[in-house]
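Protein chains in written order, with the numbering used here: chain A, 1 to 313; chain B, 1001 to 1537; chain C, 2001 to 2273.
In case anyone wonders, no lab produced these hints; they're calculated from the structure.
Simulated crosslink set (DSS-like; lysine-lysine; CA at most 30 Å straight-line):
{"#": "1", "chain 1": "A", "residue 1": "37", "chain 2": "B", "residue 2": "1188"}
{"#": "2", "chain 1": "B", "residue 1": "1188", "chain 2": "B", "residue 2": "1178"}
{"#": "3", "chain 1": "B", "residue 1": "1029", "chain 2": "B", "residue 2": "1279"}
{"#": "4", "chain 1": "B", "residue 1": "1355", "chain 2": "B", "residue 2": "1379"}
{"#": "5", "chain 1": "A", "residue 1": "37", "chain 2": "B", "residue 2": "1186"}
{"#": "6", "chain 1": "B", "residue 1": "1188", "chain 2": "B", "residue 2": "1142"}
{"#": "7", "chain 1": "B", "residue 1": "1082", "chain 2": "B", "residue 2": "1115"}
{"#": "8", "chain 1": "C", "residue 1": "2115", "chain 2": "A", "residue 2": "37"}
{"#": "9", "chain 1": "A", "residue 1": "59", "chain 2": "B", "residue 2": "1115"}
{"#": "10", "chain 1": "A", "residue 1": "59", "chain 2": "B", "residue 2": "1188"}
{"#": "11", "chain 1": "B", "residue 1": "1407", "chain 2": "B", "residue 2": "1303"}
{"#": "12", "chain 1": "A", "residue 1": "59", "chain 2": "B", "residue 2": "1142"}
{"#": "13", "chain 1": "A", "residue 1": "59", "chain 2": "B", "residue 2": "1186"}
{"#": "14", "chain 1": "B", "residue 1": "1178", "chain 2": "A", "residue 2": "59"}
{"#": "15", "chain 1": "B", "residue 1": "1142", "chain 2": "B", "residue 2": "1178"}
{"#": "16", "chain 1": "B", "residue 1": "1142", "chain 2": "B", "residue 2": "1466"}
{"#": "17", "chain 1": "B", "residue 1": "1414", "chain 2": "B", "residue 2": "1379"}
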Amino acid sequence: MEHPARGGRLGTRLLGHLGGVLLVIWGAATAGFFALKLVPGDPVEVMLGVQAQVSESVKAGIREDWGLNDPLPLQYIEYLGRLVRGDLGTSYQLREPVLGVITAQLPATLALTGLAILFALAIALTTALFVRGVWMTRLASSIELVLVSSPSFWIGLLFISFFAYRLHWFPVTSTDGLAALILPALTLALPISGILSQVLRDGLTRAADQPFALTARARGLGYPALVARHTLRHAAADGLTLSGYILGSLIGGAVLVETVFGRPGIGRVTLRAVIDRDLPVVLGIIVFVAIAFAVINLLVDLAYELIDPRLRS
Amino acid sequence: MSKRLSLTVAVIAATALLAGCASPAADAKQEITFAIEGANLSAGHMDPHSSQLDVSALVGRNVLDSLVAQDLDGSFKPWLAKSWEISDDQLHYTFELRDDVTFTDGEPFNAEAVKANFDHITAEETASAHAAAMLGAGVAYKDTTVDDEYTVTVNFTSPYAPFLQAASTSLLGFYSPKVLETSADKLKTGGPDVTVGTGPFVLTEYTPDQELVYTANPDYNWGPENAEHTGPSDIQTLTVRILPEPSVRTGSLTSGEVNVATNLTPNTIDQVGDGFTVKAAEYPGIPYSLHLNESYGVFADPKVRQAFSLGFDIDSAVDSIFFGQFQRAWSVLGPTTPNSYDPSLEGTWEFDADKANTLLDEAGWTERDGEGYRTKDGKRLSARWIAYTPIPDDRAALADVIQSDLKKIGFEIKREALEPAAYNEQYGPRTYDITDWSFANVDADGLRSHFHTDGFQNASTVSDPKLDALLDDAVSTSDEAERTTLYQEVQQYNATENLMVPIYVPSLLTGYSDSVQGLQWDLYGRPLFYGASIAAE
Amino acid sequence: MTVLIGLSTRKPPAVGVIVAGVFLAALLAAALVPSIFTSTDPLNAEISQALTAPSAAHPFGTDQSGRDVFSRVLYGARYSLLVGFGASAIALVVGLLVGLLSGLSPKPVDTVLGKVIVVLMAFPEFLLALLVIAIIGPGEASLVAAIALAAIPAYARVARSQTLVVRNSSYVRSATALGVPRLATIVRHVIPNTLGPLLVMATIGVGTAIVSAAGLSFLGLGPAAPTPEWGVILSEGRNLLDRAPWVAAFPGLVITATVIATSVVGRALRGRK
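Generate the whole structure from the sequences, applying the supplied hints.
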């Protein structure tokens, strides 16, 4: 039923969502900024590293250049100002703009997570469609439990040990090319596929018991067709709920998987920044992830309304 | 054979011979890919003038030339300087420069350029963490003066023997003066427009944390006298790939993805098989050692220090953990350090738990507590070992063995892995018993910073006028024989006092495919690509 | 994650629960008194025995220093379980308090707090923990703090929604009308109702906390060597995959088994409600 003022409502709702996004970003930026100011230790020492033969006057000069002597509120205002202009600051270690550091490494991680999502969906859909009956379901559930419980980095190590070193099916050596992407993407995909297939199967079973489904079956609709045309939509709503968790799992997992496989990407940048105490980069990552999440949550909310007409008005 | 046929055969044979003689083979692509560890290169370490990391000097050598070159026997050969003279009081080094050298951005290389570069190294804004000290800044270096267009003099306030050696490294290499004037602040980040020198290669592409691409400098005609090649490099493209993972690095060599790979780890070496050569070059300078702080805790007692040095099985540990690739160290200088190593120390101190036990008993640590550790007056025999992260796996394994062996003689070792900032907080005021590192240096003068009362790396906090005198004398004379004697005395001093416990001599392991020819090596064992070429398969 | 494992409504067979329970009990015993299971000192480095494959003397093989991996894993149970239980317990208590406080606060405060909790929940727990470590620095205590902080939002959310439900219930209104202090009524009703689901979450949470701790230690952000924490052992095994895969294989196996056990037990607890 079309509501005459729907366009206006949609507009205000979108504005509300956007406001929420901005609030999240500001919150994350502020929380991150002040938290990092609490970090003990001298950033200048961090920048210079160990066994550096540098005089005190030079260190003072560096401190001055980076504005580290300014009062805290002033530093905060300057920080927000830079943020609005899209400037995430400059890395202590790399002496380069943080935004540049992140965007340079982003494609590698996106390729990895993209392929991982594809794998996870493929696995989940296959098991959801074709696993039926008590024993198969029990087996699938057990396997899913193992997958969800195993540390992703351990699975990655096992994969390397087995497929790369023993069977020589995949290259250990290179980090370029599709072949080198398969094992890491699979490692990242497995825990997610465990959850996803479980949820999809539950959703499908529940939907299959609904009156509309029984009617369709009575009219002669085969099970796969039933799934494809009707129940998948219902189950997909549940899947969407998980999308936040899935994305989180992907990004968190990317740090570990990239480290295990020695691949470049956001994960490696984050880890180096944490280990090297490169605070501007850490802060930049916090803000960046906040933006990504807020935007994705927004999209998920909108997608929800698309899938489930009941939520629209 | 008919005359015509034999003539044809002769012509073919001659052509083939000539083609074979022409180096390199005409059909092999003259491109080399070189894998390095390089994890920290992008972290502001692209400038050898300011960085203290080995990798900076390694990649810098392709682009920056030096005044002199040091041959593998330790002698110095002309390079950008045709000749040089040292004044009698050893305070002035006057260099006659070549007049045919240009930077790849067109600027001429001359005395002004030398001065500009040395000024840059010693400038406060550069915050040089190594090069300035190598130039003798703060100790002996006074300034650099331009005598005429191609004559330059480096002046010192006191004799400084390590100068020529320093001048042969890329740390004292030359940037274009134009770059120094306009973009000195970008040098640490590096890039094709700022990392500009006179070298055999030009940096044409730089993707931080991934690779550097160099192309041959077509005008290059001023290589070092001891180079086996003249004129521009045969190699047209040198790609340096940054691969921090040891297994990936070795694998990239064996799979043929790269032609040369360095910083190979001992545990991956056996994967390198036929068709490759592995060169193991021991680093000169101070081997990986444990520095015992004599002014903090139990190490004030020389008997305890000696017991410590005899209390763990260095031979077995080093042999096992490094898979036989690295040698156990006997002295505080590595065997390849020119004009200084004391071979008489080899084999003079072995693992001896009994002797260690006796020494500790003599030192008064006779009681034992509930966990088996020795005590004296109610205090446990315990030492605090600080190390800065990241700690390589093999050094961690080494520490595990040391800790375990010492426990058996009742000595407790507590280890702390600290991030650099936290480490500096402890290291600065010297609030630790043990710390560890190695220090590669072609000149034995590296010992001065470790053992001199004023030494900035004096982790043992030793202060002995006798030792100071030895080190001061050694740095101010150029007489090689005299320096050797003095440094041998220093090594003997440590053998008695056990301020440093040398463990193993790190080597640079470089693997290269048999198709790579003409590679030369510097005294650190690093590959030099000028003069290299690829042979046809 | 803590909520999601319990999504399946299928009850596992009782046998599985018993096995899981026994395994966890054995692990607890190993954590408290490791010498029951092994007489080898986990720190004892017999360099001549370095990198030997699993055998009768060394069921899990030896590592690069010649230490027995089995005893290291056993002694490591102490650290891993400590972090797992510690982080979950702290997250439960603090999450309960935060959720309770939020639910009891005036509407605007509660709305803001509620939004903050939802936003924090959107962040991946592992990443949150990683960022906390970036601030407070690595170490064992840091692991507990970071993982607890990252897990709190999930608990707070459950506690908050329960508090709101009770707060608006007719029971509370009638009790207040009768003169009983409102706060006391709410608290007295919220806690028993919430504790159940929170405890289930916490049980499963122990497993995920252990995995997170192992992950952070693997990255080098946890306790330092030679502490035999499971993640530390895994990272030691990382460069030995071709020579000595057992160093990495077994700790991972134990971690997986522990997580499975906690989720099986957790699901059983949930099933009983």
